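J.: Each chain is listed here by its residues.
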Amino acid sequence: MTDIRAHLDALPGVDPRAPLLEVRDLHVEFRTRDGVARAVNGVDLRLNPGETLAVLGESGCGKSVTAQAIMGILDTPPGHVTRGEVRYRGVDLLRLPEADRRKVRANRIAMVFQDALSALNPVYTVGFQLAEQFRMHRGMSRKDAKQRAVELLDQVRIPDARRRVDDYPHQFSGGMRQRVMIAMALALDPEVLIADEPTTALDVTVQAQIMNLLAELQQQRGMGLMLITHDMGVVATVADRIAVMYAGKVVEEAPVHDIYARPAHAYTQALLESIPRLDLKGRPLNVIRGLPPALTDIPSGCAFHPRCTYAREICRLEPPPAYRIAPQRIASCHFVREVLGV
Amino acid sequence: MSDYNAVSTVEAPGKSRTLAGDAWLDLRSRKVFWIAAVLVVVILVMAFWPSLFTSVDPRDCLLARKHAGASGGALFGYDFQGCDVYAKTVYGARDSIVVSVSATLVAGLIGLVVGLLAGYFGGWLDALLSRFVDVMLAIPFLLGAIVLAKRLSADPQSNGIVAVIVTLGVLGWTTAARVMRSAVIEAKNQDYVTAARMLGASPARLMLRHILPNAFGPFIVVLTVLLGINIAGEATLSYLGVGLKGDAISWGLAIAEAGPYARTAAGPLVWPSVFLAATVLAFIMLGDAVRDAFDPKLR
Amino acid sequence: MFRYIVRRLLQMVLTFFGATFIVYALMFANVDDPLQALAGDRPITDSQRAVLEARYHLDDGFFTQYWHYVSGLLTGDFGQSLTGRPISEMLAQAWPVTVRLALFAIVIAAVIAVGAGVLSGIRRGGAFDTATLVLTLLVLAMPIVVLAPLAQLVFGIQLGWFPPTATRDANLYELLLPALVLGTLVVATELRVTRTSVAENLRADYVRTARAKGLAPKRVIGVHVLRNSLIPVITLIGVDIGALMSGAVVTEGVFNIPGVGFNLLRGIRTEDGPLVVGFVSVLVIVFLVINLIVDLLYAALDPRIRYE
Chain V
1210 MTDIRAHLDA LPGVDPRAPL LEVRDLHVEF RTRDGVARAV NGVDLRLNPG ETLAVLGESG
1270 CGKSVTAQAI MGILDTPPGH VTRGEVRYRG VDLLRLPEAD RRKVRANRIA MVFQDALSAL
1330 NPVYTVGFQL AEQFRMHRGM SRKDAKQRAV ELLDQVRIPD ARRRVDDYPH QFSGGMRQRV
1390 MIAMALALDP EVLIADEPTT ALDVTVQAQI MNLLAELQQQ RGMGLMLITH DMGVVATVAD
1450 RIAVMYAGKV VEEAPVHDIY ARPAHAYTQA LLESIPRLDL KGRPLNVIRG LPPALTDIPS
1510 GCAFHPRCTY AREICRLEPP PAYRIAPQRI ASCHFVREVL GV
Chain H
2 MSDYNAVSTV EAPGKSRTLA GDAWLDLRSR KVFWIAAVLV VVILVMAFWP SLFTSVDPRD
62 CLLARKHAGA SGGALFGYDF QGCDVYAKTV YGARDSIVVS VSATLVAGLI GLVVGLLAGY
122 FGGWLDALLS RFVDVMLAIP FLLGAIVLAK RLSADPQSNG IVAVIVTLGV LGWTTAARVM
182 RSAVIEAKNQ DYVTAARMLG ASPARLMLRH ILPNAFGPFI VVLTVLLGIN IAGEATLSYL
242 GVGLKGDAIS WGLAIAEAGP YARTAAGPLV WPSVFLAATV LAFIMLGDAV RDAFDPKLR
Chain U
186 MFRYIVRRLL QMVLTFFGAT FIVYALMFAN VDDPLQALAG DRPITDSQRA VLEARYHLDD
246 GFFTQYWHYV SGLLTGDFGQ SLTGRPISEM LAQAWPVTVR LALFAIVIAA VIAVGAGVLS
306 GIRRGGAFDT ATLVLTLLVL AMPIVVLAPL AQLVFGIQLG WFPPTATRDA NLYELLLPAL
366 VLGTLVVATE LRVTRTSVAE NLRADYVRTA RAKGLAPKRV IGVHVLRNSL IPVITLIGVD
426 IGALMSGAVV TEGVFNIPGV GFNLLRGIRT EDGPLVVGFV SVLVIVFLVI NLIVDLLYAA
486 LDPRIRYE
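Protein chains in written order, with our numbering: chain V, 1210 to 1551; chain H, 2 to 300; chain U, 186 to 493.
Just so you know, the hints here were simulated from the structure itself, not pulled from any lab data.
Accuracy of the hints is not assured; some may be wrong.
Straight line, CA to CA, 27 Å or less: simulated DSSO-like cross-link-like pairs of lysine-lysine [unchecked claim]:
hint	chain 1	residue 1	chain 2	residue 2
1	U	Lys403	V	Lys1312
2	U	Lys403	V	Lys1490
3	V	Lys1352	V	Lys1312
All of these numbers come straight from a predicted model, not from anything done at the bench.
Work out the full structure, taking the sequences as your base and the hints as a guide.
T.: Below is the structure:
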């Protein structure tokens, strides 16, 4: 088990002081028959050990594509990373040979997917799918690997793990299946866990259980957790920092409390105002007008301007620069001051 | 993936078009469709006006010319009975097309009725008809056809055309019925059909106005493919000796007759084979193209 | 699994009676002189008539006749051919070579279909894929009555690569050409289904998971995609057996292989009705049993069916 770690640590350029995960100026496009869809247009992100970063946005904003680009599991073609860097401890993963990159996956950076029913292979037992990683990455025997699989199921609190290890995915309930998914991601003790809408497919009561489990495991292991979601409620309870994405860009980044207290980007503000609140009962809800833009045809300037209540001529003409409004706060909006109300 | 899908399903607003209209627009841009269409037209012309292609009477045979090679008059030479192979091959298109088109219509009609009844009324009728289809499918097609065709063609006077049509029609409707049934069930559960039913539309009106037009696409596809299958089926039955006979001219029959003499004269075997394969190919390609046009998901 | 097997067995019993009834009805329902229908144009001698009447219980009602026929099938009494030979004896002689031929054809077809289908599915739209698609189209367009005589003419007679005929104890080399011909009957559909299935499964979420687990592409395809893709192909092989049986009649006829199909073809040509009905009945039963086995295999491959 140590030799792969050693091999990864020996990757040229590994710098123990560098951030755990850093994404710089990432661009991803999908080349389809109907044209080029620019799904990600210059994303910057950073994740530290033990930290939870929530990536928030509507569907189609490029958050899942960003995660797939970090993992290196984009469907290519049609998906292509056209520019940018994904640095794990200082090493740019995009420049690594595929064989090395494969070793980073699951060993260092692992991922939990949204719909565990389709994300697990229907024709193999969960035990086989868990044990597979130990056999392929650690060279364990079938027997030892299965023993580890049982232990993992136990860790994610699946009752009667010894028996259930031989069950197939469709025999588990939705919540239990997502636990299996989490166990699979944690199998090789990764330092970064990317969870792509891990609770969206679940019942509300089960959602909380899964989020608590994730938070707990993260703290035990000191992992960096990148939580991709469109659910503002989930974010508030577990995240340390939030990155809000719109049309393939991070438009605002801030510690979680700051954002809820005083959003700095018009889009963030509109998002928060569209959440139903008990204290505003009886008043009409502020919904964001219009639809998210088609990625084949992103509006000029600030991509949000057609739906924005602050928008003026400049928003259509020039993309807003990233304003650093506080030590850990960045917002890309021409009217940062007006939105903040200063 | 979700992001990517969201992009590709965005459609430009346009005039509302019918399914068939869309399919036609799509078909027009397909090379395979045009190749198949040209082939089919040539075969149809050959079937209806064989005299455009040859002035020779295919039944004018002279034993003296047995296995004579190609000459000015006879492009492909003569067969073991001294018949003109080219003329016989050209005339072979007629019975082949007549048999397969008729058999397809028979099968289509049975399939339409069975599928509509089973799909629309459901319940015990559906269970009964579906079981019956399962049982039919448990009999390998050609084996059932051999038994039935053998019995129907018992009359030594007939040329077997009606017998083969009935055989292929009676045994070949199962796929059509299945496709019809599932299309009807799908259409029946659409909200607008439920709405029409609540407004008091009669079953007959519902079927004709609302359900059939929707089931039309897949049904046409099945029938096109069935045309090709029936052409091959006729040839096979004729080859085996339970198909066309007497004064009928069939590619299958010609192949069977030429087989034993292939060592001395290959032409009488090769040419009907080529025409037969080209005809089946044309209908299969047509079926492929039509299917792709009607069901963009399958591309 | 147990319930699945029981249900499937019950279904098979029902289908057995249904299918044999249809075969029987196709031959005998509504015929003035069933014996003459059996014999076709051939005159029947009085002794033959007596044997046939005893066999088919022609004085009874249609359903009773059918019952006698079915109980005969179930006890292994398939009747006699018009030549007086018991059909069970003819079958016993003919089976081995047909089974070898069919198995050979299935193996050839499956290897080509799965191999090329996976390659095509992975690189959909590539040169290999396009070439295979065109080839399968051509193969699909070749009825067996075209393929078998032409293959014999070109490869057996003119080029002389293979023996143009085969005997009862034919070795694999002698059976290769007929098996290839027979295999082409099903290879195109199997290949296309494999290709579509692989292409679809490659886009499945669980493939992304497998890649996220850091598995090598070989393992992702060979273990995760392949098993899922083979499920529809396996079911197809059950249906294909029916096509192979039909194809064997022509193929064995052309290559003079004295198997089941050859005997059946001779039965047709000599207007030997009892032989035809007997052979067809047995083939239908074999087809049913094979499909049962294929369905069980299907359940073994797909746990979702097993635990239904």
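J.: Hint by hint, say whether it matches the structure.
T.: Evaluation of the provided hints:
For the hint pairing U:Lys403 with V:Lys1312, the CA-to-CA distance comes to about 15 Å; that is within 27 Å, so the pair holds. Among the hinted pairs, U:Lys403 with V:Lys1490 is inconsistent with the structure: their alpha-carbon atoms are about 57 Å apart, more than 27 Å. Pair hint V:Lys1352 plus V:Lys1312 holds up; C-alpha atoms about 23 Å apart against a cutoff of 27 Å.
Hint check: a violation occurs at hint 2 only; the rest are consistent with the structure.
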